[in-house]
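Every letter in the sequence shown is one number past the one before it in my numbering, and letter 123, counting from 1, is 123.
FYI, nobody ran anything at the bench for these hints, they're computed from the structure. Glycine included, C-beta positions come from ideal geometry on N, C-alpha and C. Certain hints may be false.
To be verified - Using C-beta positions, here's what the derived DEER-type ranges look like: (1) V119 <-> P153: 24 to 34 Å; (2) I52 <-> V214: 12 to 22 Å; (3) V123 <-> V242: 37 to 47 Å; (4) S196 <-> I74: 34 to 44 Å.
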Amino acid sequence: MSDSRDPPPSDYQEPTSTAHAAGGVYGETWVYESIVGAIPGIDISDRLAVLIQFVLFEVGVLVTAAVYDLPGAILPGTAAVLVAAAGSAFMLDIGARARGPGVPARYRQLLFASSIEVVLGVVSYVLLMTYLFVWDPRDGATLVAGLLGEQPPVIPSALALLVLWDVCYRIGTGWWAAVVALWRSLTQSLQPATASRMAGVDKRTLGFGTAQAVLLPFVWGHPLLVFAVAGHVVAVIVVTTVSLSVLRN
1 MSDSRDPPPS DYQEPTSTAH AAGGVYGETW VYESIVGAIP GIDISDRLAV
51 LIQFVLFEVG VLVTAAVYDL PGAILPGTAA VLVAAAGSAF MLDIGARARG
101 PGVPARYRQL LFASSIEVVL GVVSYVLLMT YLFVWDPRDG ATLVAGLLGE
151 QPPVIPSALA LLVLWDVCYR IGTGWWAAVV ALWRSLTQSL QPATASRMAG
201 VDKRTLGFGT AQAVLLPFVW GHPLLVFAVA GHVVAVIVVT TVSLSVLRN
């Protein structure tokens with residue numbers, strides 16, 4: 001029996017199931033970008049998204065500090081909010097460059113589709129929570145009590161935990177971006193234009209890691225946290241510097 005259906009027009013293209021996220025397609029974006037891109041009716045510039053993030057969190061810090069009389073939480077809270085917002089800006093910039101022409105597909109897959117940055121963020125967050133609520137109380141005065149009081153109020157505590165997760169996610173992202181950058185520089189053959197683009201990615205990853213050193217003054221009396229933050233910053237700097245050196249040579 002012959003098929004009576006009309007043939008498709010000459011300019012017909014098969015529909016695809018690829019969903020688009022902010023700055024790219026799902027599978028080639030950070031989880032952060034995918035979440036923002038999945039919100040219905042939201043189509044804003046990267047700068048505006050980062051600004052909104054900073055303003056919302058910073059207003060939350062200032063309002064809860066005023067309402068619950070927690071002046072000691074303002075500076076560390078603002079520092080954490082700045083690190084998270086700067087992390088968003090760096091991630092969006094790095095993501096756009098990593099999706100540029102000539103970039104090896106395997107590099108993009110490792111950077112984005114593996115979602116390893118989330119795993120590293122979760123590990124960082126779990127270790128931080130273990131320190132704050134299990135290890136630190138053994139020594140008497142705790143970091144949490146110093147910021148939120150001996151009996152921390154619920155809303156400021158919830159906001160603090162949310163901001164800390166955001167910071168831990170950025171730390172995981174920075175470390176993964178550095179590791180994948182070194183792998184890319186050592187194993188992939190790049191055209192000069194692509195190598196230049198990747199050098200831009202590495203410089204931003206370096207800046208991303210260095211920015212997190214802002215947190216050090218606020219954990220200075222806690223050697224384990226100082227070691228963790230400083231160790232992470234130094235590791236990102238070393239790995240990305242090696243990656244840049246390989247690219248240049």
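query = Between S196 and I74, does the beta-carbon spacing fit 34 to 44 Å?
reply = Once the Cβ atoms are compared, 42 Å apart, the range 34 to 44 Å for I74 and S196 holds.
Q) Regarding V123 and V242, is the given constraint of 37 to 47 Å on their beta-carbon distance met? A) Because 23 Å falls outside the window, the suggested range is violated.
Does the Cβ distance between V119 and P153 fall inside 24 to 34 Å? Holds - the Cβ-Cβ distance for V119 and P153, about 32 Å, lies within 24 to 34 Å.
(message) Between the beta carbons of I52 and V214, is the distance compatible with 12 to 22 Å?
(response) holds (21 Å)
In the structure shown, a violation is registered for the earlier hint numbered 3 alone.
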